[in-house]
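As a plain string of letters, each chain reads:
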Amino acid sequence: MPTTASSPRLPASLGEQGGAPAHPLSDVASSDSTLRRFLHGLPGVDAVGLEARAASLGTRSIKTTAKAYAIDLAISMVDLTTLEGADTPGKVRSLGAKAAHPDPTDRTAPTTAAVCVYPDMVAVAKEAVAGSGVKVASVATAFPAGRAALEVKLGDVREAVAAGADEIDMVIDRGAFLSGRYMKVYEEIVAVKEACGQRARLKVIFETGELSTYDNIRRASWLGMLAGADFIKTSTGKVAVNATPANTLLMLEAVRDFRAQTGIQIGVKPAGGIRTSKDAVKFLVLVNETAGEDWLDNHWFRFGASSLLNDLLMQRQKLATGRYSGPDYVTVD
Amino acid sequence: MSFAYAPAPESRAIVDIAPSYGLFIDGEFTEAADGRVFKTVSPSTEEMLSEVAQAGEADIDRAVKAARKAFGTWSALPGSERAKYLFRIARIVQERSRELAVLETLDNGKPIRETRDADLPLVAAHFFYYAGWADKLDHAGFGASPRPLGVAGQVIPWNFPLLMLAWKIAPALATGNTVVLKPAETTPLSALFFADICRQAGLPKGVVNIVPGYGDAGAALVAHPDVNKVAFTGSTAVGKEIARTVAGTRKKVTLELGGKGANIVFDDAPIDQAVEGIVTGIFFNQGQVCCAGSRLLVQESIQDELLESLKRRLSTLRLGDPLDKNTDIGAINSAEQLTRITALAEQGEAEGAERWSPACELPSSGYWFAPTLFTGVTQAHTIARDEIFGPVLSVLTFRTPEEAVAKANNTQYGLSAGIWTEKGSRILAVASKLRAGVIWSNTFNKFDPTSPFGGYKESGFGREGGRHGLEAYLDV
Numbered sequence: 223m224p225t226t227a228s229s230p231r232l233p234a235s236l237g238e239q240g241g242a243p244a245h246p247l248s249d250v251a252s253s254d255s256t257l258r259r260f261l262h263g264l265p266g267v268d269a270v271g272l273e274a275r276a277a278s279l280g281t282r283s284i285k286t287t288a289k290a291y292a293i294d295l296a297i298s299m300v301d302l303t304t305l306e307g308a309d310t311p312g313k314v315r316s317l318g319a320k321a322a323h324p325d326p327t328d329r330t331a332p333t334t335a336a337v338c339v340y341p342d343m344v345a346v347a348k349e350a351v352a353g354s355g356v357k358v359a360s361v362a363t364a365f366p367a368g369r370a371a372l373e374v375k376l377g378d379v380r381e382a383v384a385a386g387a388d389e390i391d392m393v394i395d396r397g398a399f400l401s402g403r404y405m406k407v408y409e410e411i412v413a414v415k416e417a418c419g420q421r422a423r424l425k426v427i428f429e430t431g432e433l434s435t436y437d438n439i440r441r442a443s444w445l446g447m448l449a450g451a452d453f454i455k456t457s458t459g460k461v462a463v464n465a466t467p468a469n470t471l472l473m474l475e476a477v478r479d480f481r482a483q484t485g486i487q488i489g490v491k492p493a494g495g496i497r498t499s500k501d502a503v504k505f506l507v508l509v510n511e512t513a514g515e516d517w518l519d520n521h522w523f524r525f526g527a528s529s530l531l532n533d534l535l536m537q538r539q540k541l542a543t544g545r546y547s548g549p550d551y552v553t554v555d
Numbered sequence: 289m290s291f292a293y294a295p296a297p298e299s300r301a302i303v304d305i306a307p308s309y310g311l312f313i314d315g316e317f318t319e320a321a322d323g324r325v326f327k328t329v330s331p332s333t334e335e336m337l338s339e340v341a342q343a344g345e346a347d348i349d350r351a352v353k354a355a356r357k358a359f360g361t362w363s364a365l366p367g368s369e370r371a372k373y374l375f376r377i378a379r380i381v382q383e384r385s386r387e388l389a390v391l392e393t394l395d396n397g398k399p400i401r402e403t404r405d406a407d408l409p410l411v412a413a414h415f416f417y418y419a420g421w422a423d424k425l426d427h428a429g430f431g432a433s434p435r436p437l438g439v440a441g442q443v444i445p446w447n448f449p450l451l452m453l454a455w456k457i458a459p460a461l462a463t464g465n466t467v468v469l470k471p472a473e474t475t476p477l478s479a480l481f482f483a484d485i486c487r488q489a490g491l492p493k494g495v496v497n498i499v500p501g502y503g504d505a506g507a508a509l510v511a512h513p514d515v516n517k518v519a520f521t522g523s524t525a526v527g528k529e530i531a532r533t534v535a536g537t538r539k540k541v542t543l544e545l546g547g548k549g550a551n552i553v554f555d556d557a558p559i560d561q562a563v564e565g566i567v568t569g570i571f572f573n574q575g576q577v578c579c580a581g582s583r584l585l586v587q588e589s590i591q592d593e594l595l596e597s598l599k600r601r602l603s604t605l606r607l608g609d610p611l612d613k614n615t616d617i618g619a620i621n622s623a624e625q626l627t628r629i630t631a632l633a634e635q636g637e638a639e640g641a642e643r644w645s646p647a648c649e650l651p652s653s654g655y656w657f658a659p660t661l662f663t664g665v666t667q668a669h670t671i672a673r674d675e676i677f678g679p680v681l682s683v684l685t686f687r688t689p690e691e692a693v694a695k696a697n698n699t700q701y702g703l704s705a706g707i708w709t710e711k712g713s714r715i716l717a718v719a720s721k722l723r724a725g726v727i728w729s730n731t732f733n734k735f736d737p738t739s740p741f742g743g744y745k746e747s748g749f750g751r752e753g754g755r756h757g758l759e760a761y762l763d764v
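Keeping their order, the protein sequence lines are chains A and B.
Its first residue numbered 223, the first sequence is counted upward by one per residue in my numbering.
Its first residue numbered 289, the second sequence is counted upward by one per residue in my numbering.
No lab work stands behind these hints: they were computed from the structure.
Check each hint, because a few of them may be wrong.
Cut-off 20 Å, straight-line C-alpha distance, at most; resulting in silico cross-link-like pairs (EDC-like, lysine to aspartate or glutamate) [to be verified]:
#, chain 1, residue 1, chain 2, residue 2
1, B, Lys599, A, Glu515
2, B, Lys599, A, Asp516
3, B, Lys711, A, Glu381
4, B, Lys599, A, Glu511
5, B, Lys493, B, Asp349
6, A, Lys500, A, Asp519
7, A, Lys289, A, Asp437
8, B, Lys613, A, Glu511
9, B, Lys493, B, Glu642
10, B, Lys711, B, Glu691
11, B, Lys613, A, Asp501
12, B, Lys734, A, Glu273
13, A, Lys313, A, Asp550
14, A, Lys313, A, Asp501
15, B, Lys599, B, Glu642
16, B, Lys372, B, Asp423
Assemble the whole structure, with the sequences as input and the hints as a guide.
The structure is reproduced here in structure tokens:
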């Protein structure tokens, strides 16, 4: 059966210069108490039911043409990432080359969506992917802990944007969120969004593993969307629990409901822990059957993953040749 | 381009269906005494699967005699010995589960994802569970050394052919009874495969007898003077007939009959999970479930929001080839059942309820009915009272918990109910007022061998499953 017709797609950001975006829910953040009441008035999440639904969608059998389509789609959604203290220009350049030509043996492989680096590497990355269409994303805002003064975070963002970043991945202050200071989190996101200006799309990272409950993840999702995030993202990839089918399903429900209420479409990015093609395809099934096919391209859905790409490429080679060649037939980075 | 799932059919080659099957009596497959046979077809294609011997009165008598003979030795075995056979059966069911899942899907029309993920695991679990009880009957709370009843005559329906067999046979054997079981005429095959599993497990002859046939065979079994215990799952009408037949005899009887389960959604419910629960409640097995949540009672304040979510969700259901692993909705079990569903849905429309189905193409052969939603339904509508036994959901509204309880209980049935709310105290308060055998909270249609199952009012009496399920097969 076909999926339902969707409402018209609107630009991700209707943000006004220098303020929170204008939409039917703008008033929600007019005070600390209205924001709190709104977030706590969202429907609850039954953990057992949510995980059961995610697991049941994981049993969809994706074969042949659907699999080939899904693998290419997943490759095009990868934010190829290096976030190590040891990153060098050489490492970032080779990452950029891989993003532009993921499979040197097969030039029909799609490019990845972006490379994701620390702010000081943005200029190098930008040069490395020049002309390929690959975007450069940067984890600014004192990634991954986010424990710095707002001015420091904004400086981080401005540096990345000035160096040419197309996308900023910001972490929220989980301490503020968990202690119920929603307005502080909201205002930080608004400020970072402003620092991104018109040039960079903003991905807001919740670190769902630290938010602990599904109710918190739903509240954080709405908080991020209300504050003007272009994307909501599960995690940094730096903690024990990162993206899971359940927390991604929950965030997909949030963007679906947000668009239904405001007309604004927000992207979703699960990050960390997605290593195999099989896993990636399961996430695409979640997108397809929850938010719908309007989210099935790399403007609206991303994978924050580094080791995933090689498995996707190996599966792609297997579909093309009928044989499984192994890890030496794809590049290390 | 869109993400269209390519067909992913499970292989039919794994199951070898013979062109004909006999009755399984005293450990052997035999023809019917009068040589009659009937055909069983695949509901999704109308293709003939096999010819099956049709039991008549003489065959029933033969089967009961075999069971009687076997009862002497079977009931005299130590519980731990009977447990060994049951454990062996459970393991063989697991080993052959893929084959049995495909077979069940072919014969019944339900999707492979249900036979594979729900039916077969539960079948094995029931045998494992009751195997565990076989040597612990002294400690089941029915006094020391409770005795088996004798020969159990069991009649099961077509909606969960193998699972209902397991619900019936596992506790009967664990407690030391022997069995004559009549599967439904539209779904006899998995029971006949089970007969083969009994042989594979080395079960003594006559302990389990399988006699496929029509209603007359069931009636003969129920009426047979040498049957000590009658267990029936099926329609309320037939249940009443059975109750009349056994009235005044010394036979013990349990009946699992129809239902019109209420699924109550309060305004503080986890909406996304409630939508899933509503879908599971009424579209699992095409709604052909006696405990289906066929009446949705939704609090008026969230009616619009919930219905919108529900309709969007129904639009993602995939209907079609039940052997395809991606199929959510399979075929209706028989032409007769399809006729009944169609008639009741038309009556719902005629009485003024608003009908809705997602855009949905039905296959050209086989018995199919699109998932259907009726809004604007009141207690006075036929579709709110009669069991439809198909993928048809009636939506009613309420304003207060009292009204929800009153409406939920205002039915001749009382098998199941569901409560959706984030408030724990409300779950307890409402559940204690509902007259239903099974009440789920924030979930629906979940089964487990440790949990007793059964009804109030016209949904029958007696319990299957759990420790309570032993009582029906013991002289206590």
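For each hint, the structure was consulted:
no. : hint                  : in the structure
1   : Lys599(B) x Glu515(A) : 17 Å, holds
2   : Lys599(B) x Asp516(A) : 18 Å, holds
3   : Lys711(B) x Glu381(A) : 48 Å, violated
4   : Lys599(B) x Glu511(A) : 13 Å, holds
5   : Lys493(B) x Asp349(B) : 16 Å, holds
6   : Lys500(A) x Asp519(A) : 18 Å, holds
7   : Lys289(A) x Asp437(A) : 33 Å, violated
8   : Lys613(B) x Glu511(A) : 16 Å, holds
9   : Lys493(B) x Glu642(B) : 56 Å, violated
10  : Lys711(B) x Glu691(B) : 18 Å, holds
11  : Lys613(B) x Asp501(A) : 18 Å, holds
12  : Lys734(B) x Glu273(A) : 15 Å, holds
13  : Lys313(A) x Asp550(A) : 19 Å, holds
14  : Lys313(A) x Asp501(A) : 27 Å, violated
15  : Lys599(B) x Glu642(B) : 13 Å, holds
16  : Lys372(B) x Asp423(B) : 10 Å, holds
Hints 3, 7, 9 and 14, counting from the list given before, are not met by this structure.
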